[in-house]
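All chains should be modelled from the sequences, with the hints used to inform the complete structure.
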Amino acid sequence: MSIRDQLSGLTETEEGRRRQSIGALDRETIAGYVWALPYLAAFVVFLLWPLFKGLWMSAHDWNPLLPSESEWIGIQNYVELMSDPFFWNALWNTIYFVILTVPAMVVLSLALALGVNRNVKGKTALRTIYFSPYVLTIAVVAIVWLEFLSTDFGPINYYLDLLFGIRIEWLTSELFAMPSLAITTVWWLLGFNFIILLAARQNVPGRLYEAARLDGASSWRQFRDITLPQMRNALLFVVIIQFIYQFQVFGQPYVMTGGGPSESTRTIVYYLYQSAFNQQSYGYAAAIGYILFAILVGISLVNYYVIGGNNE
Amino acid sequence: MASVSIEDVTKIYEDSDEGRILAVDGVSLNIEDGEFVTIVGPSGSGKSTLLRMVAGLEDITDGTMRIGDRVINDVQPQDRGVAMVFQNYALYPHMTARKNMSYGLKLTSDLSDDEVAERVQEAAEMMGIEDQLDKKPGSLSGGQQQRVATGRAIVRDPEVFLFDEPLSNLDAKLRVHMRTELQRIQEELGTTSIYVTHDQEEAMTMSDRIVVLDAGQIQQVGTPDEIYNEPVNLFVADFVGSPSMNTFDVKLDGNTLVGDAFEYTLSNEYVERVKEYASEGEPLVLGIRPENIVLTDDPSENTIQAHLDVREPVGSDNYLYLTMGDDECRVRVPGDVKPEEGTDVTIRFDESNLHLFREKTGRNVLADIEQASQASASGANSVATAED
Chain C
0 MSIRDQLSGL
10 TETEEGRRRQ
20 SIGALDRETI
30 AGYVWALPYL
40 AAFVVFLLWP
50 LFKGLWMSAH
60 DWNPLLPSES
70 EWIGIQNYVE
80 LMSDPFFWNA
90 LWNTIYFVIL
100 TVPAMVVLSL
110 ALALGVNRNV
120 KGKTALRTIY
130 FSPYVLTIAV
140 VAIVWLEFLS
150 TDFGPINYYL
160 DLLFGIRIEW
170 LTSELFAMPS
180 LAITTVWWLL
190 GFNFIILLAA
200 RQNVPGRLYE
210 AARLDGASSW
220 RQFRDITLPQ
230 MRNALLFVVI
240 IQFIYQFQVF
250 GQPYVMTGGG
260 PSESTRTIVY
270 YLYQSAFNQQ
280 SYGYAAAIGY
290 ILFAILVGIS
300 LVNYYVIGGN
310 NE
Chain S
0 MASVSIEDVT
10 KIYEDSDEGR
20 ILAVDGVSLN
30 IEDGEFVTIV
40 GPSGSGKSTL
50 LRMVAGLEDI
60 TDGTMRIGDR
70 VINDVQPQDR
80 GVAMVFQNYA
90 LYPHMTARKN
100 MSYGLKLTSD
110 LSDDEVAERV
120 QEAAEMMGIE
130 DQLDKKPGSL
140 SGGQQQRVAT
150 GRAIVRDPEV
160 FLFDEPLSNL
170 DAKLRVHMRT
180 ELQRIQEELG
190 TTSIYVTHDQ
200 EEAMTMSDRI
210 VVLDAGQIQQ
220 VGTPDEIYNE
230 PVNLFVADFV
240 GSPSMNTFDV
250 KLDGNTLVGD
260 AFEYTLSNEY
270 VERVKEYASE
280 GEPLVLGIRP
290 ENIVLTDDPS
300 ENTIQAHLDV
310 REPVGSDNYL
320 YLTMGDDECR
330 VRVPGDVKPE
340 EGTDVTIRFD
350 ESNLHLFREK
360 TGRNVLADIE
370 QASQASASGA
380 NSVATAED
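For the protein sequence lines, the chains are C and S, in the order given.
311 is the number that numbering that gives the first Met the number 0 gives the last residue of the first sequence; the numbers go up by one with no jumps.
387 is the number that numbering that gives the first Met the number 0 gives the last residue of the second sequence; the numbers go up by one with no jumps.
Bear in mind the hints are in silico, worked out from the structure with no lab data behind them.
Ideal placement from N, C-alpha and C gives every residue a C-beta, glycine not left out.
Each hint should be verified, as a subset may be incorrect.
Some, not all, of what chain C presents toward chain S, calculated at C-beta under 10 Å [what the hints assert, rightly or not]:
1. 206
2. 208
3. 209
4. 213
5. 214
6. 216
7. 217
8. 220
9. 224
10. 228
What follows is the structure in structure tokens.
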């Protein structure tokens, strides 16, 4: 074989190898799409499609029986919402609920996580106990707390009566109804935040605290200068998730108060539900959904830039 | 700057699974002002625990620690006048190098911001990291992180530097470089330093004195030369030196050390000295370092026949692995001495290089003599160990 032949042979195999590697890359890409396909399909059918369908509905006086007969009304639903006192009341109720639940939940779960992270006895048992309410559905949680908070038969009022001679109308007075829902919610969801924050705390290397002790940092400075910055991403995650989650509160008022007394616990999603399924105003309900969506995007952005500021 | 005195210090961990663990067992040690002392020992020997007790990161179960004249047993870490460089640097990941270095100063001193900035700048220049001060640890190389960690200790202007295996995360070349750099800085500042390492080469090259620790007890305290040439027991002899010392079981029969595979005749003077402390027929261990054995072409008295199994070239030297009957023997010869593998060779070593240990206690027979003759002449430099 001449040198030239050998060279061309070499080039051919090189070429072949390159072609093969392109083929391999293609196969890998295709395999990637195939694996992602089931989720993508669900995403399109259950998220992307309803997202556009909702926007479309919100611009119509929607006729659920004959959708094609629905009348295009543009932003009329949104204009109407702006002057709907029930909507504003529901929005305010929701914000009130968020203010009652989110800060309490974050602070309490952080305190529990930091407490359990110290070498307390029965750490595993405590972890399980704090987390366990989270596995229950809202229906179960609501029924349990309905019993607890019952004005005439609940154990809380029983002991209040015994000790102080008072009975509080937890779920039937405008003053206490929303705080009662908030307490129920904090109890229900605390464990989820607790587990995330505990994991984040356990990921902070112990050496940093030793270095800080030698640097003369007090417990408070260690918390402020090491624990908090090191847990920032987890805290950000918990805060955003809870804002999104609590803004969509529905099950608690639906099961426990029916939105009452006198609409004092009717939240946005509850109002959306009533608009759609009680009053058959699907277009109007879709518009409420879109406003909620806009609020949540706004809040997430603010959280991200406030807590997540100068993120590396 | 200050001396450090450790008196009969003990550390016991209470572990719910394993019960009481004796990590440090009655250690006494005096470190002079400005001295560089290295603590070496295998993992679990208690060397880090001892250092962490000086730092105040571990409680002292029993005994007394002093820095200067001050008892520090119950003094908070930040008030002890110590600064520590950790093995993984323990830099604060979310702070810049500058903030890492100034953090402790701001918390513990009443210096103005300008003075703090000046001190940080000085330390950074000393460590050659002026350009890295505004970077966070994550964007620094391992070597740069090491320098920031050392700089953080320098800034504090402590009475005592504590180093906990500070170079073990660096690659070999950088490690050697940083070794000389740390020495230079210590000499420049003259700060008393306690340096923990498992790397005997670091210990030998950097220290004024070395403390060899095993199972929580001091085996020997001495200059690198003393540790290497006059190991007080088999543990120290085996731990220091690479490859480690050869040891052979022998018995003294008249003037001759009788081993399984060889006999070695001692001079009259040597035997007289040995016989003062070891009786005839007592089981002894003969130790000889690989670099003290030479190959010879002249089989005569005190030469030993051996079989060369493996020759391992390591650049400047060759390591020879020999067998003599059931005994194995390592020899270090210059790189140009290249006997054939699989051949028989003759080896020889000098009486002045051999070490004799009691088999029962592992104690160096001649170290016992020296210790006895010195009686309690000096405190700090004498050998200290568990009693036989």
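Consistency of the hints with the structure:
no., hint, result
1, 206, "holds, 4 Å"
2, 208, "holds, 9 Å"
3, 209, "holds, 5 Å"
4, 213, "holds, 5 Å"
5, 214, "holds, 3 Å"
6, 216, "holds, 6 Å"
7, 217, "holds, 8 Å"
8, 220, "holds, 7 Å"
9, 224, "holds, 7 Å"
10, 228, "holds, 4 Å"
Hint check: no violations occur; every hint is consistent with the structure.
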